[in-house]
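**Q** Chains as they are written, first to last, in this note's numbering: chain A, 96 to 419; chain B, 290 to 775; chain C, 24 to 168.
If you are wondering where the hints come from, they were derived from the structure by calculation, not from laboratory data. Predicted, not measured: the structure shown is a model, and the values here were computed from it. Check before you lean on any hint, since a few could be wrong.
[Unchecked claim] Which chain A residues stay away from chain B? Per the calculated CB distances, all over 10 angstroms, these:
#  : residue
1  : E124
2  : V184
3  : L200
4  : W272
5  : E276
6  : G280
7  : K286
8  : V290
9  : N293
10 : E307
11 : A388
[Unchecked claim] Computed beta-carbon distance windows for the label pairs:
#  : chain 1 : residue 1 : chain 2 : residue 2 : range
12 : A       : R123      : B       : D509      : 36 to 42 angstroms
13 : A       : A277      : B       : D509      : 49 to 55 angstroms
14 : B       : E415      : A       : E306      : 57 to 63 angstroms
Ideal Cβ positions, reconstructed from N, Cα and C, are used throughout, including at glycine.
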Amino acid sequence: MAKKSKLKLGLYWAASCGGCEIAVVELREKILLLDEAADILFWPVAMDFKVKDVEAMPDGHMDVCLFNGAIRTSENEEMAHLLRRKSKVLVAFGSCAYEGCIPGLANLFDKDSILRRVYLEVPTVDNPRGVLPQPATHLPEGEVEIPRLYNTVKTLGQVTDVDYFVPGCPPQPHQIWAAVEAILGGKLPPKGSVVGANEKTVCDECKRLREEKRIKKFYRYHEIIPDPEHCLLEQGIVCAGPATRGGCGALCPQVNQPCRGCYGPPPNVMDQGAALLSAVASVVDANSEEEAARIVGDILDPAGTFYRFGLPASTLHRARLGNR
Amino acid sequence: MRKISIDPITRLEGHGKIDIFLDDEGNVANAYLIIPELRGFEKFVEGRPVEELPDITPRICGVCPEAHHMASVKACDAVYHVEVPPTAKKLRELFYLAFYVADHTTHFYILAGPDFVVGPDAPPAERNILGLIHKVGVEVGGKVIRARGMAMDIIGMLGGRRVHPLFGVPGGVGKAITEEERAQIEAIAREEVEFALFTLDLFRKIVLGNSAYRDMILSDIFTLPTYYMGLVDEQNRVNFYDGMVRVVDPEGKEFVKYAPHEYIEVIAEHVEPWSYLKFPFLKKVGWKGLVAGKDSGVYQATPLSRLNAADGMATPRAQEAYEEFYATLGGKPVHHTLAIHWARVIEILYAAERLLELSTDPEITNPHVRNIPTAKPDEGVGIVEAPRGTLTHHYITDERGLVVKCNLIVGTTNNYAPIAMSVRQAAQGLIRKGQVITEGLLNRIEMAFRAYDPCFGCATHAVGQMPLEVRIYDADGSLTQVISRA
Amino acid sequence: MAGTFEPRIIAFVCNWCTYTAADNAGVSRLEQPPNVDVIRVMCSGRIEPAFILKAFAMGADGVIVSGCHPPGDCYYTNGNYKTFRRMPLVERLLEQFGIEKERFHWGWISGAEAIKWAQLTHEFTERVRALGPLNWSRQLESKED
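Looking at chain A on its own, in the form it has when it is part of the complex (with noise of 0.2 angstroms):
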């Protein structure tokens, strides 16, 4: 019988926490199977091919590339290209590279005053000539270079076209399957779909019992201990829930926690922020202006909350620089 020949895969991290990676892991015996199905040809993380080796591939080498991790130095942007090039499918795995993510906070802010903080300001540093680093330092042997740091996160879509989108921080193992399963069955979806995930919201996951909601106050979740039973929204508790991509399980409110939005927007949904927003404004419960305003005025962290995985996918993409 011939050999069916192997899927040529890649896998590479960008300004990711490696949580993806752990992700992938996390499929225990069927890692098993991906390596009997696949070949990986360039794996930093784990295998030893070099850049230079995907830089010698001939383009559309790879079959397909999973890129994790956002876009935040100019190494980053740098390989987001090199891999565009050599690889038929791209896909932007995980959440830092579909949306940005946590690193995507930083567009809160811009490079100087993260350098300041981290190198000159926090209290264990000890630093008097006011040290920061540079893209080239030439020490007593030689020449030594970093990457740039850029003033905004983006996302892979940002600086390149993006075949497939895995959403999650990170993916649930099974969804990964899922969504290896239909590579190497050649049952992709049209480009630019997001795969791994549901087309409804977390809340359709969600065990917790949902009759009406209408809010008079929001509480931090420290503050109440909730029913285990019962919508957190309905409490009072902000949950991202109403506004986020499902397929993860729900398995944040399974254990009393709120969904925070690690999946991203639901479909149709272009920014996930100001839909979580209009979600929660809904169910707040008010007979006039004073009022509505004095129930929001709980939640005081508006971009933190609405924004927390997905901002440099946002509207806006990132606060006014020079705001801090």
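Based on the hints, put chains B and C in the right spot on chain A.
**A** Just chains B and C now, kept in the frame of chain A:
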């Protein structure tokens, strides 16, 4: 001088590289371990409600999110001046120990193990978990996947997601456990103790039983005497979740013991322009550069450091293993970098034993697991031992509990200076007089940093090893030789 | 000074109240600056926060949202309740993004208040003119500066 760039190596949360400079005789004048990335957590958490930091800060590292989560929750407890109910404390520790079993197992088998099981000079294509499984058998491979998986199942049971779980809450934990869940955890813990003993045995057979590896462990190239740091309980035994931070000097004498809020008086961070990562050091000793010894403020915070800084282990079989460890290596403290692997396996055993103890604690199913904070929030420090080192979260908030200032000293960061020195030492010891540089040599340089289990080493997958390429340029800057892993 | 900045202002107004006022203002030849582009929606409750953000992202220097007076004027009974539940959050969100609150006005103008509409267009235009252009997309072109 000629420059050899090893680019990339994997690191904390993305990438790293090593620039090696050769003098005219072909000896290594210096080698720099460079971290080329920064995300700025210490800045962008400003303005966030502090109780959201246990959700935000785990995204510093998806391999040890539980460590950040726990340090963050403890810092929040301190900010809100809230007492945690006893059952919640035990549940947090239980959760944390399950994480330790999973994480240390991942490192030992998937990352470090192949070097020893398959061999440092083995063909790169075999020097990975698959090669390891071929060597030791599918049964062992299945055992490892199962052991790691079961520990992760405990994480999922308590924290929802298995990566970036959410379990802790300021004032307690999010849920209590039922008797059914407790019984499941106990059954898993029993298996994990057996698995830890199996792993220790494997280490003895394959590493200690091999004279070449023993020589490598004891060699000067891989020996680095510095100060050592770790969390200890009231009896000075290793504790991952809580206690005081103890630092011993290179001779093993206690140098300082401090409570979390005192960390500012003990640790300072040095900055170099050629890397985004800072170099923590002991303030009272001072920054003397990348040098070892008692007069340099460089310290290590690794499993080995924890064993060096403590007087013993809190569980019986781990204590036996601890005694065997020091008896074999000639007493305390041990300065052999590769012995960190052994210390790590001993910690798996301690974690599993302690997990079993807690899972059978009579209080563990008590439903009272949260206290609601009532005091005004202001400032707090939370410290835990991350698998990779002492982890410190320090938050200052306004009166509404929004973060105003944040400072973080992260596990691997503690070790930046020692890792840089170990790498330089390995490069200087192994590259001499312009000799031919083999792939195995590159791997041995890698073994110098891999022992520390830096976050970059940990995030790897099941197959393969880290990419290395050595590019050798002559004095004109022309490329004369390229050696890369096959 | 040469080349005075002409603000570009987008106004989302409800059909039954504020649009009627704006229409009356026009018919009555009340003087209004040309800077305000009116977008008519059936109810202020139709205005999603995303519209406001999009307006700024696409180049607006200022945004107005206006509908029927609560509690009783809304043609759809309580569409404007949705408005006053959302807008305080939008204001604070914009502030966190560095968009000054003087660039965003939300309120109520009934069909009979044509003069109030005309006054608003004048005052708001001048307020935004004093702040200068927002030019949101320009900062996205920056990489490191």
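**Q** Given a hinted range of 57 to 63 angstroms, is it respected by the beta-carbon distance of E415 (chain B) and E306 (chain A)?
**A** holds, 60 angstroms
**Q** Does L200 (chain A) clear chain B by more than 10 angstroms, comparing its Cβ with all Cβ atoms of that chain?
**A** violated, 4 angstroms
**Q** Just double-check V184 (chain A) for me: nearest Cβ-Cβ distance to chain B has to come out over 10 angstroms.
**A** holds, 19 angstroms
**Q** According to the definition I'm using, a residue is off the interface if its beta carbon is farther than 10 angstroms from all beta carbons of the partner; does V290 (chain A) meet that for chain B?
**A** At roughly 19 angstroms from the nearest Cβ of chain B, V290 (chain A) sits farther out than 10 angstroms, so the non-interface label holds.
**Q** If we take the beta carbon of W272 (chain A), is the closest beta carbon in chain B still more than 10 angstroms away?
**A** Non-interface label on W272 (chain A) holds, nearest chain B Cβ at 14 angstroms vs cutoff 10 angstroms.
**Q** Note whether the CB distance of R123 (chain A) and D509 (chain B) lies within 36 to 42 angstroms or breaks it.
**A** holds, 41 angstroms
**Q** Looking at K286 (chain A) again, its CB stays over 10 angstroms from all of chain B?
**A** holds, 27 angstroms
**Q** Beyond 10 angstroms from chain B, beta-carbon-wise, is E124 (chain A)?
**A** With a cut-off of 10 angstroms, E124 (chain A) comes too close to chain B, as the shortest Cβ separation is near 6 angstroms.
**Q** Once the closest CB in chain B is found, is it more than 10 angstroms from E276 (chain A)?
**A** holds, 18 angstroms
**Q** Range hint 49 to 55 angstroms: satisfied by the CB atoms of A277 (chain A) and D509 (chain B)?
**A** About 53 angstroms separates the Cβ atoms of A277 (chain A) and D509 (chain B), which means 49 to 55 angstroms holds.
**Q** Measuring Cβ to Cβ, find out whether N293 (chain A) lies farther than 10 angstroms from everything in chain B.
**A** Fine: 17 angstroms to the nearest Cβ keeps N293 (chain A) off the interface.
**Q** Would the non-interface assignment of E307 (chain A) survive a Cβ cutoff of 10 angstroms against chain B?
**A** For E307 (chain A), whose nearest Cβ neighbour in chain B is about 25 angstroms away, the distance exceeds 10 angstroms, so it holds.
Consistency note: the structure conflicts with the earlier hints numbered 1 and 3.
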